Amino acid sequence: MSTYFSEDHEWLKVEGDVATVGITDYAQAQLGDVVFVELPENGKTLSKGDEAAVVESVKAASEVYVPVDGEVVEGNEALVEEPGKVNEDPENSAWFFKIKLSDKGQLEGLMDEAAYKAYVETL
Amino acid sequence: MVEQTTDLLKTPLYDLHVELGGKMVPFAGYAMPVQYPLGIMKEHLHTRDAAGLFDVSHMGQAALKGPDHDTVATFLETLVPSNIKELKAGKQRYTVLLNGEGGIIDDLMVSRPAEPSREGELLLVVNAARKSVDYDVIRARLPEGISLETYEDKALLALQGPKAAEVMALHAPEAAELGFMSVASMEFDGVAVHVSRSGYTGEDGYEISVPAGAAEAVAKALLADERVEAIGLGARDSLRLEAGLCLYGHDIDETTSPVEGDITFCMQKRRKEAGDFPGGERILKELAQGPKRKRVALKIDGRAPAREGAEIRVPGADKAIGIVTSGGFAPTLGAPIAMGYVPTEFSEVGTELALVVRGRELPATVTTTTFVPQRYYRKPK
Numbered sequence: 001m002s003t004y005f006s007e008d009h010e011w012l013k014v015e016g017d018v019a020t021v022g023i024t025d026y027a028q029a030q031l032g033d034v035v036f037v038e039l040p041e042n043g044k045t046l047s048k049g050d051e052a053a054v055v056e057s058v059k060a061a062s063e064v065y066v067p068v069d070g071e072v073v074e075g076n077e078a079l080v081e082e083p084g085k086v087n088e089d090p091e092n093s094a095w096f097f098k099i100k101l102s103d104k105g106q107l108e109g110l111m112d113e114a115a116y117k118a119y120v121e122t123l
Numbered sequence: 124m125v126e127q128t129t130d131l132l133k134t135p136l137y138d139l140h141v142e143l144g145g146k147m148v149p150f151a152g153y154a155m156p157v158q159y160p161l162g163i164m165k166e167h168l169h170t171r172d173a174a175g176l177f178d179v180s181h182m183g184q185a186a187l188k189g190p191d192h193d194t195v196a197t198f199l200e201t202l203v204p205s206n207i208k209e210l211k212a213g214k215q216r217y218t219v220l221l222n223g224e225g226g227i228i229d230d231l232m233v234s235r236p237a238e239p240s241r242e243g244e245l246l247l248v249v250n251a252a253r254k255s256v257d258y259d260v261i262r263a264r265l266p267e268g269i270s271l272e273t274y275e276d277k278a279l280l281a282l283q284g285p286k287a288a289e290v291m292a293l294h295a296p297e298a299a300e301l302g303f304m305s306v307a308s309m310e311f312d313g314v315a316v317h318v319s320r321s322g323y324t325g326e327d328g329y330e331i332s333v334p335a336g337a338a339e340a341v342a343k344a345l346l347a348d349e350r351v352e353a354i355g356l357g358a359r360d361s362l363r364l365e366a367g368l369c370l371y372g373h374d375i376d377e378t379t380s381p382v383e384g385d386i387t388f389c390m391q392k393r394r395k396e397a398g399d400f401p402g403g404e405r406i407l408k409e410l411a412q413g414p415k416r417k418r419v420a421l422k423i424d425g426r427a428p429a430r431e432g433a434e435i436r437v438p439g440a441d442k443a444i445g446i447v448t449s450g451g452f453a454p455t456l457g458a459p460i461a462m463g464y465v466p467t468e469f470s471e472v473g474t475e476l477a478l479v480v481r482g483r484e485l486p487a488t489v490t491t492t493t494f495v496p497q498r499y500y501r502k503p504k
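Protein chains in written order, with the working numbering: chain P, 1 to 123; chain H, 124 to 504.
No lab work stands behind these hints, which were simulated from the structure alone. What you are looking at is a predicted structure, and each value in this text was computed from that prediction instead of being measured. Take these hints with a grain of salt, some might be off.
Pairs of lysine-lysine residues, derived as DSS-like cross-links and limited to a Cα-Cα distance of at most 27 Å, are as follows [to be verified]:
hint, chain 1, residue 1, chain 2, residue 2
1, P, Lys98, P, Lys13
2, P, Lys85, H, Lys422
3, P, Lys85, H, Lys165
Model the full structure from these sequences, guided by the hints.
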């Protein structure tokens, strides 16, 4: 399994042609206490750069963008019930959705963990 | 996501905010902490459960000074619709500066010092973003013999929450004697301070005006108490929203009258009858016939917050009847809440409306303007 990161602070864990997508620990810390999560519908086709999900903190609403093309195959309904999980375990159990990749080649444009860490350092 | 905080003004507590890990953001020209490591949610709940310390030194502190109370109060009454003349020594009142059309230039606190030696003084606390506007409006009308002094050398701290009184009493025992909306000069650990029993959270608490040089010592003395946590602007906003209190520039502004803004409690009987203040004609008409639009509080079904700018509609109709002016998640209620303006016929408690968020309608119901009960300290008579 490989993990990729985007400049918009999403992570993707890829198994076969399905990527599990969430937001990074850096992103949750910037957002603050998450109070609401909206997930994409199953079967929805997304293109790279689309708004896939919404995450709201006490203070503000933010979008979760999808960094690859594909079809949504599952949403993490547990987040809808307990949005605070995004703050507690952002890079594991608090994944947002799974997407069936239509072009695995797009993963090449994303960062690996070391590159993402270096990127966050510059912010 | 890094906010530009250079070229911003700093309050006397700036270094303390940084030391405490405050996330500094620009607000009304100042670098202010939006939150500390505790986070907005816990800061909010801690203030409701125990006590929170807020730096509100960015707000404007000023004094009108004249020969006697009646002269100064008569002047201020030409700018505001509240009864200032009958304001007793040691009392504070919420009021608004009005423009010629009855719109609100700013909302502010006015207090008359308790000490007889300060006869002829009225102390003002105004919004940070409106300081210069307010001072210009007042200065342009100052009559001979009355002056406006502004205090750039004072900090303002707010200690709010059900434990505020117990904590404060350890440093300034006289503060316990104050009832809600009362003021007095006193010593806090030997520092001369001016204290009011009021705030912006709906909780019991104090605002403490302190010389800039002593601000950090006073703040640290309060924070040393385990019941007190430092609270940022984020929780200040969610606390005031739950308490149903207006935020200037959002819920009230130069276009909204006190009647539309549903803050006519700032207008006492004599002034309401006479209408002898700027925009009196409009305001009297609105009082008699009802305003065209009115600020309402909205409880939203579900978990999705509606933010400032969201359209308010009649459910199913595709036309906006109003707009959300403040909205967010209410940590005490665990639910989203909002305030906004609607035509008066839709302002009754229980009216079912819809707020448009990301193109979808969220059901919302008009509710009483205080989402959480206000817990101010009323002194036994």
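Right, here's what the structure says about each hint:
At roughly 9 Å between alpha-carbon atoms, Lys98/P and Lys13/P fall within 27 Å of each other, so this suggested pair holds. Proximity of Lys85/P to Lys422/H is assessed by CA-CA distance (about 24 Å); at most 27 Å being required, the pair is judged to hold. Using a Cα cut-off of 27 Å, the hinted pair Lys85/P and Lys165/H holds, with the two alpha carbons roughly 15 Å apart.
Violation of the numbered hints given earlier is absent; every hint is satisfied by the structure.
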